[in-house]
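Q: Add chain W with the ligands to chain P, keeping to what the hints say.
Take a look at the letters that make up each chain.
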Amino acid sequence: MAIESEVLVVGGGLAGLTGALSAARAGADVRLVSYKQSTLRNASGLVDVLGYTPDGDGPLVDPYAAIPDLPERHPYRTVGVDGVREAMALFDDVAPDYRGGHTDANALLPTHGGTIKPTARYPAGASAGLASDDRDVLLVGIAGMVDFDATHAAAHLEAAGVPFDVRGVTIEFPGTLDAKAKVTRYAKLLDTNGKVAVRGRERPARDALAERVNTELAGEGRVGFPAVLGDDDAAGVRAALRERLGADVFEVPMGPPSLPGLRLEDALFAALDEAGASFETGNPVVDYDGDGHIERVYVEKNGAKIPYSADQYVLATGGLVGKGVESDREAVYEPIFDCHVPHAADRYDWFDTEAFGDHAFARFGVSTDDDLRPEDAGGNVEFENLRAAGAVLGGYDFAAEKSGSGVSIATGYAAGRTAAQEAR
Amino acid sequence: MSDAHSPTDFDPAEPNTGEDFEPVDVFPDSTDFDLRPGADSCYKCSTCDTNCPVAEVDEDFPGPKFQGPEQWRLKQNEDDYTVDDSVMDCSNCMRCDNACPSGVPLSQMHNTARGEYVSEQMSKTSVEYWRNRILANYRTSAWFASKVPRLANVAMNFGPARWLMEKTMGITSEREFPAFATETFREWWETQGAASGSRERARQARKRRGEPADADKKVAYFHGCYSNYNTPEVGKAMVRVFEHFGYEVVVPEQKCSGTPMFANGMLSDARRHAEVNVSSMTDLVDRGYDAIASCTSCSMALRQEYPELFDIEGIDDVAAHTFESVEYLRIHEDVRDELAAADVEGDLAEEFAYHAPCHARNQGLDRQAVELFRDLDGAGIEDVGDSCSGISGTYGWKAEKYEKSMEIGDEMFEHMEHAEGRTGMTECPTCAMQMEHGTGYDIRHPLELLEAAIVE
Ligand SMILES: Cc1cc2nc3c(=O)[nH]c(=O)nc-3n(C[C@H](O)[C@H](O)[C@H](O)COP(=O)(O)OP(=O)(O)OC[C@H]3O[C@@H](n4cnc5c(N)ncnc54)[C@H](O)[C@@H]3O)c2cc1C
Ligand code: SF4
Ligand code: SF4
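Chains as they are written, first to last, in this note's numbering: chain P, 511 to 934; chain W, 58 to 513.
For the record, the hints were derived by calculation from the structure and aren't laboratory data. Predicted model, so just to flag it, every value in this text is computed and none were measured. Hints should not be assumed to be uniformly reliable.
Which bits of chain P does chain W cover? Going by a derived footprint, with three or more residues having C-beta under 8 Å, they are [said to hold, decoys possible]:
| no. | region |
| --- | --- |
| 1 | 765–774 |
| 2 | 785–795 |
| 3 | 808–817 |
| 4 | 829–839 |
Listed below are the simulated DSBU-like cross-link pairs for lysine-lysine, each with C-alpha atoms no more than 30 Å apart in a straight line [unchecked claim]:
| no. | chain 1 | residue 1 | chain 2 | residue 2 |
| --- | --- | --- | --- | --- |
| 5 | W | K293 | W | K275 |
| 6 | W | K101 | P | K627 |
| 7 | P | K833 | W | K132 |
Every residue, glycine too, gets a C-beta built ideally from N, C-alpha and C.
Next comes chain P alone, as it looks inside the complex (with noise of 0.2 Å):
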């Protein structure tokens, strides 16, 4: 006996989750088996379609339009205009705490370092901080939270040329909390409005919190946080500073542990439980049996491999730091299926000399075929029924194209969606 499903999908990130949603909502029995947590903990939680071109131009006004003129072997070209926007229809779906999906052009964000950041979808907690709005922005650090300098990132943001005055100020904040303190601690505290000690006094937190920013603020029309305002009630605890503050409140999107990151995880795997899937992680996939047709994979437990069978598989371990590329002093590889992973033999030639050079180790990655399927170094299918996904695709550079999110999305749903079609 195997573990059964007619789509298996390995991976348990972006492009893991929209796979198997997709492939999940086409009918399939559909099952997602990844080893460990996703580097969407690592990524804002804003969702980039395109930001830049290739060669660095932009920001982008609208990502669509610039899809056709990227690089043959993009993989938005792979999936196509139409391809992308009906996955990100599926995301809007499924992320209705997202933002953005009413127009195709880029919003334009501010980030934690000052800087405006072009995205295509942001969560709700983000909207109220828009730079195309012009209500004057009181931003708020937290002492002790040295990612994000409110008064640095300020006067950043007025040297971008923002059409609205911002001003930044550090607070304590209330209690006694450690000044090195996780931002889950922050979040659970204003998730559950826990006790903090002022003065002696005991207070809910969200009442403290706003207690103190009110003494700062000076008619600003909003007030932006670092994303620490909650995890299961994020929403709860906006209102009530809102409300307490007499102002919008929004967050800005931090580096990692990114909480926004975190409870997009969350929707998603609770999208994919109410679509009916089947979903484990803590295990890694390690091996296979087929040729030229994946008839099993092996999920490794402690030194027993256990088989798991399917029709159709969908690869979407990440690239580099995800564990799905991987490489040593003589080759990159992929390392479940040992895709071919194009690139040069001579290891000098994977970087560039300059730190901020045009590097060819952020496009390693798998090429596929138009549906999806790796290919071979002489450009044949590898396996018939295996699609690839999300980072562990080659020929694009999502930190430079500040793509990554869209990617995994787009490739993710087609992936998904052709998986469960081919499925018996």
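A: Here is chain W with the ligands on its own, set in the frame of chain P:
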């Protein structure tokens, strides 16, 4: 790669001979711990910290990233660096282990650091040390109590005694001690004819199922302390379900799995127990048995913690042949089909609020019960979310941790109350205690529902 395996002759319990599975031996002859390779692959993304339930409520706890890779680096670079005492606040839920995208062996680092802290820095005459030791050696207390279960049940929850335990030993008086069964699982097992009784019943079942009478289906049950002394109904369900599928069960000699000892840094106690467990399981594994546990912390210990921490003859083989009970059936039998044709009535025809224990999560089993039972006629099951229950074995029994334990559990209690069912379900006995304590619900084990559904 080839088609060498066909689906039917594949043995999922086959040791992973092709892979170089090399647990780091952290107790070589010297006391020189070296986990550098693990520490070096940490790229400080803090994903582990966002998963730590203790860091979420305890502002003094620096979190897994510090306890693991950062502390190891400090140890390597500073000669007089001693293990930070905060490592005693880690509950060993092992959530951080499951989180790290870079595969850093966090819980192994915590367990070794805690072991070093307790053996080298903790006063052996302190109340804390003895309190932890008593809690960690639950099996010993349970063994005594099982001799006089009714008396023990009264005495252990006798108010003034509990007050004294809290004041003198730091064991919270907020909790009720679990009740001891009047007949242990092992006593019951003897009345059932033990191994030979099981062999006969399994043979009958195979005949009924149309399988060869001499089919090689046999498992060794690691019941752990809890289902022996406190909830023998779980052990009985395990036996009946496995025999129903035609498996012969044996119940070898065994000690505590060691889980509470790891969490309290009592590594030499844990090792003593592990040696007994591994030795009795090795013999059986050699003879073709697989080891099955009904408690997810027990299976976790045999599968992961033993090989990570101890260098015991045969342990790798035992680890590769250890499974959680329902997981095992899902791999080898068509449980899904059988459940689809079944229904439940009576006592277990309930809506269940299911909580996945952290140690099930690490084994990839957190969704198993929900997926199995969601189509079962007559019962319903709802996952109450992914928060930790907060008790983490002995953690929630410590007076100074009680409040934090309840704060961690709060999210689960709330989800349980919002769930339709008023009966809880989980695989972990201490999670069950916490679920009951926080909501007043009765808590059942998935094996009990499986038994009710498919064993005639
Ligand atoms: C530090 C960092 C910051 C980033 N910031 C941004 C950002 O701000 N905006 C943006 O749009 N994008 C950002 N990205 C990129 C973005 O995270 C990725 O492009 C995208 O989310 C990748 O999704 P994925 O599903 O392809 O891969 P991943 O998220 O890497 O997920 C891969 C999954 O596969 C699993 N896996 C790997 N091997 C196996 C195996 N053998 N068996 C089973 N499972 C396996 C992993 O455990 C993991 O869960 C960032 C990435 C990193 C690393
Ligand atoms: S999750 Fe892993 S890589 Fe990230 S900080 Fe923790 S140990 Fe380091
Ligand atoms: S084992 Fe649990 S409590 Fe301990 S550091 Fe890891 S996540 Fe935190």
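Q: Determine for every hint whether it applies to the structure shown.
A: Here is how each hint holds up against the structure:
no.	hint	result
1	765–774	holds (count 4)
2	785–795	holds (count 6)
3	808–817	holds (count 9)
4	829–839	holds (count 3)
5	W:K293 / W:K275	holds (16 Å)
6	W:K101 / P:K627	holds (24 Å)
7	P:K833 / W:K132	holds (28 Å)
No hint from the list above goes unmet by this structure.
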